[in-house]
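Participant: Taken in order, these protein sequences are the chains called Z, Y and V. Residues in the first sequence are numbered consecutively from 1, following my numbering. Residues in the second sequence are numbered consecutively from 1001, following my numbering. Residues in the third sequence are numbered consecutively from 2001, following my numbering.
Derived by calculation from the structure, the hints in this document are not laboratory data. Keep in mind that this is a model prediction, so the values were computed, not measured. For every residue, glycine included, the Cβ atom is placed at its ideal position computed from N, Cα and C. It is possible that some hints are incorrect.
[Claimed, not checked] Take a look, some chain Y residues computed to stay more than 12 angstroms from chain Z by CB distance:
1. Asp1073
2. Gln1139
3. Pro1162
4. Ala1166
5. Asn1259
6. Leu1273
7. Arg1360
8. Leu1369
9. Gln1397
[Stated by the list, open to error] Calculated cross-link-like contacts (lysine-lysine; reagent style DSSO-like; alpha-carbon spacing at most 30 angstroms):
10. Z:Lys142 / Y:Lys1213
11. V:Lys2072 / V:Lys2059
12. Y:Lys1130 / V:Lys2072
13. Y:Lys1130 / Z:Lys142
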Amino acid sequence: MNLLSRFRKFSFWSWVWFILGALYFLIPLYATLRHSLRMERDVIGFRAYERAFADPSFLETFLLSNLLAVATIIASIILIVPTAYWIRLRVPEARRITEFITLLPFVVPAIILVFGLIRIYSSPIGIPFTGINLLQPLTTTKLGTYTLIVAGYMVLAMPYMYRSVDTGMRTVDIRTLTEAAQSLGASWFVIVTQVILPNIRSALLSGALLTFAIVVGEVTLASFLGVDAFGPYLFLLGQHRAYEPAALSFVTFLLTWFAMGLIQLVTGGQGQAAGAH
Amino acid sequence: MKNRKMLLNLMSLLVFASLIAACGGGATTEAPVATEMPATEMPATEAPATEMPATEMPATEMPATEAPSAEIDPELVAAAQAEGTLTTIALPHDWCNYGEVIETFKSKYGLEVNELNPDAGSGDEIEAIKANKDNTGPQAPDVIDVGFAFGSSAKEEGLIQPYKVATWDTIPDDAKDAEGYWYGDYYGVLSFLVNTDVQPDVPQDWADLLDPKYNGQVALSGDPRTSNQAIQSVFAAALANGGSLDDAQPGLDFFAELNQAGNLVPLIANNGLVATGETAVRITWDYNGLAAIDSFEGNPAAEVVVPASGRFAGVYVQAISAYAPHPNAAKLWMEFLYSDEGQLLWMEGYCHPIREADLRERGVIPEDLLAKLPDVSGAVFPTLEQLNAASELITTQWDTVVGADVQAAP
Amino acid sequence: MAQTSLRMPVIKTPSNLKNWLGVTPFFLFAILFLALPSIYLVQGSFLDQNDQFTFQNYKDLFTTPLIVDAFKLSIQISAVTAIVGGIFGFLLAYAITVGGLPRSLRSALITFSGVASNFAGVPLAFAFIATLGRRGFLTLLLKDTYGIDLYQSGFDLYSFAGLSAIYMFFQFPLMVLIMVPALDGLKREWREAAENLGASNLQYWTRIALPVLLPSILGAMILLFGNAFGAYATAYALTGGRLPIITIQIGAQIRGDVLHNPGLGYAMAMGMVIIMAISLAGYSWLQKISERWLR
């Protein structure tokens, strides 16, 4: 009985906090929705949505950002998972410095990182004080530019990706798995792709989704590198159009939430930490 | 597993895509216009096939003093087409009808236009040239459209190259560099965009803004420490507040007063905020305000008022980057912009083209277009020195004179 | 880590160098895309507008009242939103873990938090302006239906309090996402043991749960601090220029059309880096302590 009454008391306050939180979060979103439905005078309608989606630039930039996001995620996984794995397994001394590195993007203001990247890679890389140029600026070609922007995105997403992977690996007994796989004759490549990766699946997925959100919303890097991404498109829309930006931000919020929910459902994984700017 | 993850990502993408498709948006991927158009079909006085006003422009009235833009050097066109692309920067489609200007240019000459960073400010454009000196890739802008003061500073820094368009002589002298490094392209006058649903009482002049009925309604269109538009708004207020083109201090004082009275909203106004009524009175260029009214389509009802006193004209200038990867395309672009056709396209975006006096004189402006433009008689044009001095004052003094009262006070 | 009965001999490679080879791709990436820009930053902070070496930027950092105030303001708003965000975020995390709410709500809140923690900038500012601005629907609702005039009674969204309230939109979720695993780590056995020994609810929390959780909570608050400290887009969208926090100042120096002393901007950024580094050091230390209990 003591337990029961305590339990009931718990639930009451829990509901209070939850409802307060829900109100705080949902009301501003509702305000955005409300505004977006009022494009036509005195009519609640979806004109803003029609207009927003009818713009060919919307789909172009959105798809491009999606592709860049997928590229970033894949590249990040390829870079970070083997590294984290190797550090846990063989080089624990590297752990400190690696964690420091992955926290750097968190410490150095993003706008500085972005500007630095652009400055450095817009000029040829050569041996200083000689006239010799080793590498043409990455930005000379479209491919080079895309490489640079994906690298930039990887840097921005690195703290979250690494944290996800690290957390995922923490709960899995890397050593045993490796030894077992090795005793069965697996190569390193097989171990990483078929043994380790599946076991950190849910953590990877959360990291992936956060990277996705970061890439699709990023504005500065894309603007300055001349990449037609979704971020600059949305920003520009907000400067001139009165109703479509609200429609788009509401829709993207919903869709991202929906996608996250799908992933949660399929993997039953935990959420991961992220941050906004 | 990686496959699983990719599958899920694909699924999410499909969900996105299908939802979008369901909402009726068809994506039309632009096939680059690779076909070349013969150099001869280019008299600028003819109405091209794309959206131009239906009224005809007389093709015969060309007094001897004018340099008709029909004489665009066919060699230039061929050279430009050989380059194939033009890289522009900071040209939002809703600004001065640039959308149509670019489209017309593309279809007329068969060039591709690579549009960089439409929300860049003048400073960003200069930065872009500097940062891409050694870069011939798509990030290096060929041409820039910057605030008046930036033309000469860019020239000093060696960032631009000279070029005189065919219609050079019809550009007013005080709006261009004598050696042809930069040249004014259009101007606008600072005015008030008012959401009349929320605020039916439209202010007629700067002093009206201080009235208590505008409490919490007036906003600038940028940050006065960095944005051209905002700085010149303060400068403009000076004219109406006892200052002059040589003395911008009263402008700061005016805004300090506006802020104290609680009339100044600290937001950077955009059209969304005007529509909700949060910034019911937005101080912006007249062409922006008029374009906004078009985009509102009646919801909300709005008006643009050019203030009775303190009419401040802001000129923007064109220039070709000294490091332009496509110099011929850049020159062709300039020829196009300064042709009658280009100038009139700007006018459709409510901007006053720099050759307006010449166009009026020759009677090439259609009546309905003339009717759309507001009366800006009496607008003053600051000189470079005046502009620089005022900018210096405003950007450094803004925080202390106007913003000082708000510190961290939870 | 569990010891298996059958153990393969761990092959120690003769040279450590070979092991370090495995992490070279990562380090190479870090050098190319992280270290170089950071060095650019450090180097840039010592240059003046004519690219000459100078300490002036750093001197300006400490002597210009505007900059000092900007730092103070940024620290203040970050601290306030970290503490308030931390507390309420903790309560939310508590509600969906130990607090006994249905499982579906837990998933909903966690996924929502994932999205909300990245929702910032103009859309976020607009959402709040559309709610509580002078013409926000809530403001108008209160005025027209209940006769309560918010702005008359001194409320102002465009203030320190307003900006803080908006920051919470990404601070609460961040706290939730960090604390949920920590709260999950509270072992049932402790709770049961405490009850068996006759502890009351309050005693359980004050003597056992909170002390165990405290390092995580404080660590999370430091992360929240860092998050708010680096925020730029939201503040810019809301205040334009009224609340001159340090990130906006940096932006003005580096990008501005007129104010253009990038060296000073970089020096300010270095100031930020140092503050962030200190807070992250604190975070790491607290992490280590909390890890002791959560294994």
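Participant: A separate judgement is required for each hint: does it hold in the structure or not?
Facilitator: Hint by hint, here is what the structure shows:
The Cβ of Asp1073 of chain Y sits about 29 angstroms from the closest Cβ of chain Z, beyond the 12 angstroms cut-off, so the non-interface label holds. At roughly 5 angstroms from the closest C-beta of chain Z, the C-beta of Gln1139 of chain Y falls inside 12 angstroms, breaking its exclusion from the interface. A cut-off of 12 angstroms between C-beta atoms confirms that Pro1162 of chain Y is not in contact with chain Z; the least separation is 25 angstroms. Non-interface call for Ala1166 of chain Y relative to chain Z: holds, since the shortest CB-CB distance, roughly 30 angstroms, exceeds 12 angstroms.
No beta-carbon of chain Z comes within 12 angstroms of the beta-carbon of Asn1259 of chain Y; the shortest separation is about 24 angstroms. Distance to chain Z contradicts Leu1273 of chain Y as a non-interface residue, since its nearest Cβ pair spans about 8 angstroms, not more than 12 angstroms. In this structure Arg1360 of chain Y is separated from chain Z by more than 12 angstroms, as the shortest Cβ-Cβ distance comes to about 29 angstroms. At the 12 angstroms boundary, the C-beta of Leu1369 of chain Y stays outside the reach of chain Z, the nearest C-beta of that chain being 21 angstroms off.
Every beta carbon of chain Z lies more than 12 angstroms from that of Gln1397 of chain Y, the smallest distance being close to 25 angstroms; the non-interface claim holds. With a C-alpha separation of about 54 angstroms, the suggested pairing of Lys142 of chain Z with Lys1213 of chain Y is violated against the 30 angstroms cut-off. Proximity of Lys2072 of chain V to Lys2059 of chain V is assessed by CA-CA distance (about 17 angstroms); at most 30 angstroms being required, the pair is judged to hold. Annotation: proposed proximity of Lys1130 of chain Y to Lys2072 of chain V is violated, straight-line Cα distance about 34 angstroms (limit 30 angstroms).
Our distance criterion of 30 angstroms between C-alpha atoms is met by Lys1130 of chain Y and Lys142 of chain Z, whose separation comes to about 20 angstroms.
Hint violations for this structure: numbers 2, 6, 10, 12, all remaining hints satisfied.
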